[in-house]
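Each residue of the sequence shown is one higher than the one before, counting from 1 in the UniProt record's numbering.
By construction, these hints were calculated from the structure, which means they are not laboratory data.
Incorrect hints may appear among the rest.
[To be verified] Heads up, simulated PhoX-like pairs for lysine-lysine below, C-alpha to C-alpha not over 25 Å straight-line:
hint, residue 1, residue 2
1, Lys79, Lys127
2, Lys58, Lys85
3, Lys58, Lys79
4, Lys58, Lys86
5, Lys127, Lys86
6, Lys127, Lys85
7, Lys127, Lys58
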Amino acid sequence: MRFGLLFILVAFIHCTEPEFNNPSDFGTDSYLENQTILCLTGQTAACRMAVPVCTTCKFFSTSVTYNGNRGGILGADAKCMNDSKKPPMPVGAVYKAFLVDEVNRIACTSTDCLTGGTSEHVDWVLKPNTAYVRTADNVTIATTNSLGIFTSQTNDAENPQVTNVFTGLFTNGWTTLSGGNCAGWTQGTTASARVALYSSSLHVSTNGDCANPSVIFCVEQ
1 MRFGLLFILV
11 AFIHCTEPEF
21 NNPSDFGTDS
31 YLENQTILCL
41 TGQTAACRMA
51 VPVCTTCKFF
61 STSVTYNGNR
71 GGILGADAKC
81 MNDSKKPPMP
91 VGAVYKAFLV
101 DEVNRIACTS
111 TDCLTGGTSE
121 HVDWVLKPNT
131 AYVRTADNVT
141 IATTNSLGIF
151 TSQTNDAENP
161 QVTNVFTGLF
171 TNGWTTLSGG
181 NCAGWTQGTT
191 ASARVALYSS
201 SLHVSTNGDC
211 ANPSVIFCVE
221 Q
């Protein structure tokens, strides 16, 4: 009798598939949970969503005003990404600040990029042959030419209009004015900057004061 029970027990152990729940074993609950944690904390690239690329792209102005110290170009971009007016859709869309400096973001190094074309761009926020619209009402602001710039706006970039917008651009022609960008957007007191007097002509600028706060215009990428 004892031998019979032992035989049955051995047969049961042999025929029952062992269950494992090791985070390293593909398909287990622990594995899936571990992968989710890695995704949410950015520790693996395998599950990161593709960044959407706009064809008709949006403009918005930040809900907060800033003086010329914006933490540099990267700091200004971060302010765009964290602003309450940034559209929630599409998920993962990237917005960058409509600003230039002398190193990190350049539109043109020659007037209207006529010498080198788009090769003159450095991390530039506008794309060639692309329509840009206001986020709030989808009204077209401007359409860029093949060089990734525009020479006029069909509508104001914001409604209601905003004034004294820091850009760093020279009088016209989309070049950067040396020394006209609040020391690379890190100075909010005594430095000088180039500003667009009105949001209806962002590509035209005049002298401004880095101590005066203004919105940042943010552009979908």
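So, going through the hints one by one against the coordinates:
With a C-alpha separation of about 21 Å, the suggested pair Lys79 and Lys127 falls inside the 25 Å cut-off, and the hint holds. Only pairs whose Cα atoms come within 25 Å are accepted, and Lys58 paired with Lys85 is accepted, the gap being roughly 12 Å. Distance check on the hinted pair: Lys58 and Lys79 sit about 16 Å apart at the alpha-carbon level, within 25 Å; holds. Between Lys58 and Lys86 the CA atoms are separated by roughly 10 Å; this keeps the pair inside 25 Å, and the hint holds.
In summary, the hint linking Lys127 to Lys86 is supported, as the alpha carbons are separated by about 19 Å, within the 25 Å threshold. Taking the CA atoms of Lys127 and Lys85, the gap is about 22 Å. The hint holds against a cut of 25 Å. For the proposed pair Lys127 and Lys58, the alpha carbon gap of about 12 Å is at most 25 Å, so the pair holds.
Figure legend: structure checked against the earlier numbered hints; every hint is met.
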